[in-house]
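Could you put together the complete structure from these sequences and hints?
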Amino acid sequence: MIAMLQWTTFAVCALAAVARIPSAVRGENRSIFGIFVLATVAILLSIDAVYTVIDSWLGSENYTNLLLRFLIYGAVLLSGYRIAKAFDSGTSIRRIAGPVGIGVLSLICIATVALFLLADTAGTVTGLTTLPARSPENAALIESYAAVGRLYPSYVAVCILPATYRAIGQRLPKAIRTGAALLTVAFASMAVATLFPLIPSDLGYVESIINYTAVLCLTSGLAFVWVSSLMASRALRRHRALGLAALPR
Amino acid sequence: MPLPAKAFQLWLHSVAPTASTADICRISGIKRTTLAQQLVRGKVAETTLVSISRALHLSPLAALASFDSFADLSSPPLPTPAELVSQIATMDLLRAVISRSSPAYGGYGDDGSSRTPALSAAPHATSVRNWVDSIDDGELRHRVSAATGIAPQNYSAQLTANRMSPELAVATARAAGIGFTGGLVATGLITEDEAGWPPGAKQAALDAVSDGELTALAGERLLSLGKTLRRQEQEQAQTQKIWENLG
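Chains as they are written, first to last, in my numbering: chain A, 100 to 348; chain B, 6 to 252.
Just so you know, these hints were derived from the structure itself, not from any lab. It cannot be assumed that every hint is accurate.
As the list claims (entries may be wrong) - Computed cross-link-like contacts, DSS-like style, restricted to lysine-lysine with a CA-CA straight-line distance of at most 27 Å:
(1) B:K232 with B:K246
(2) B:K48 with B:K36
(3) B:K232 with A:K273
(4) B:K48 with B:K11
(5) B:K11 with B:K36
(6) B:K246 with A:K273
Given the structure is predicted, the values throughout are model-derived calculations rather than measurements.
The following block contains the structure:
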């Protein structure tokens, strides 16, 4: 069930990234292409079979997990910044890309690397699931490492959430409002991820569902808005061709 | 509530006893599936009735009047002058202002001129709101929402969208204590002719408006048009920004 969710999410992200190649080549909003690529690679790295192979190349020290964290930070930063700009929310932009946002990101990056290096991470383990069992000290380190990893997406999500939520109720084209609703679900899931330690451990699959919901909704929300813009510019071109653009409504 | 299907079928049988449903749909241009669906649900839209009566060369007003909910339509009083003026498009009002101005500004003086183009047919782009404004004594919206149970914000939304169901138009007219035809014309269900308005009624009502009143009215209309356009431009700019960043 979880594997199916993973591969579906991967397929959606990969499809979006491939579909975005032509416009990236033309130089239109390459960061959106970047978000799709980062999300695709991140999903790929979280799949057990792929993780095992890649990590064996990287020396079986679970550096792949560290790489995965940074891919996620990158995707979250890029998408948060782009979306805040699109929905014209000054406070969100400042909190994500201003001094505060960069400060938060730097602290989290340093903490991530430090906690990873301090912990005993030898031997490939997807999702680092069995590492905490090695020693009480390792348990504390790995759990903090995971908590810090969820903190940055939650921080960005909380910054951007008001902007996307507001857009749902505004008088905008339906496709944009649908996209905003999907993005709101995505960011709400990311924000909720900080509360994972509160979820009982026998309900572990809930965490995966929330994580993949976030990625699926983020990708599809972005894709929705993008497709609507393509359709709008096509309609506009047709109008111009007929000389109708200058007519009053 | 739209028309009950049973009463509708009785009416259809009385006006076209020999026609099959397929014939009715063909001559009135209604899709067969649409009519079938309305009959199955037990509610037939007034627009369906109006299209069929037009196709059968019957008066849509008389057809509507044969139903209980529109019974008061059988001998409709003429709309008030204010209602008639409300059904004149904003651009026609502005043209009337210019037409009454001195020749130096392209007008013909006080009395207007036969060269002023004829008024366009109702309904216009803000017909519904202007009609309600023209009959509102300040408490009308409260009375309508008390009588029909529609929430005030839903009622305003309908005015903004320039849309109103025939039932609500009738309820509004009833709450204002006036004839029903103004609302049915403003919502576009029937034409001015079908409503029994004499040709030139709007023009006559306009001619009776003083220069001061006309100018003030045109000013109000321009103000609200400006607000609408500004809001549209804002939404357009917002949409553009979203597409620029995520498109």
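Each hint, compared with the structure:
A threshold of 27 Å between alpha carbons decides the hint, and for B:K232 with B:K246 the separation of about 21 Å falls inside it, so the pair holds. Between B:K48 and B:K36 the CA atoms are separated by roughly 16 Å; this keeps the pair inside 27 Å, and the hint holds. A C-alpha spacing of about 22 Å is found between B:K232 and A:K273, which places the hinted pair at or below 27 Å, so the restraint holds. In summary, the hint linking B:K48 to B:K11 is supported, as the alpha carbons are separated by about 9 Å, within the 27 Å threshold.
At most 27 Å may separate the alpha-carbon atoms for a hinted pair to count; B:K11 and B:K36 meet this at roughly 19 Å. For the suggested pair B:K246 and A:K273, the alpha carbons sit about 16 Å apart, so the restraint of at most 27 Å is met.
Checked against the numbered hints given earlier, this structure breaks none of them.
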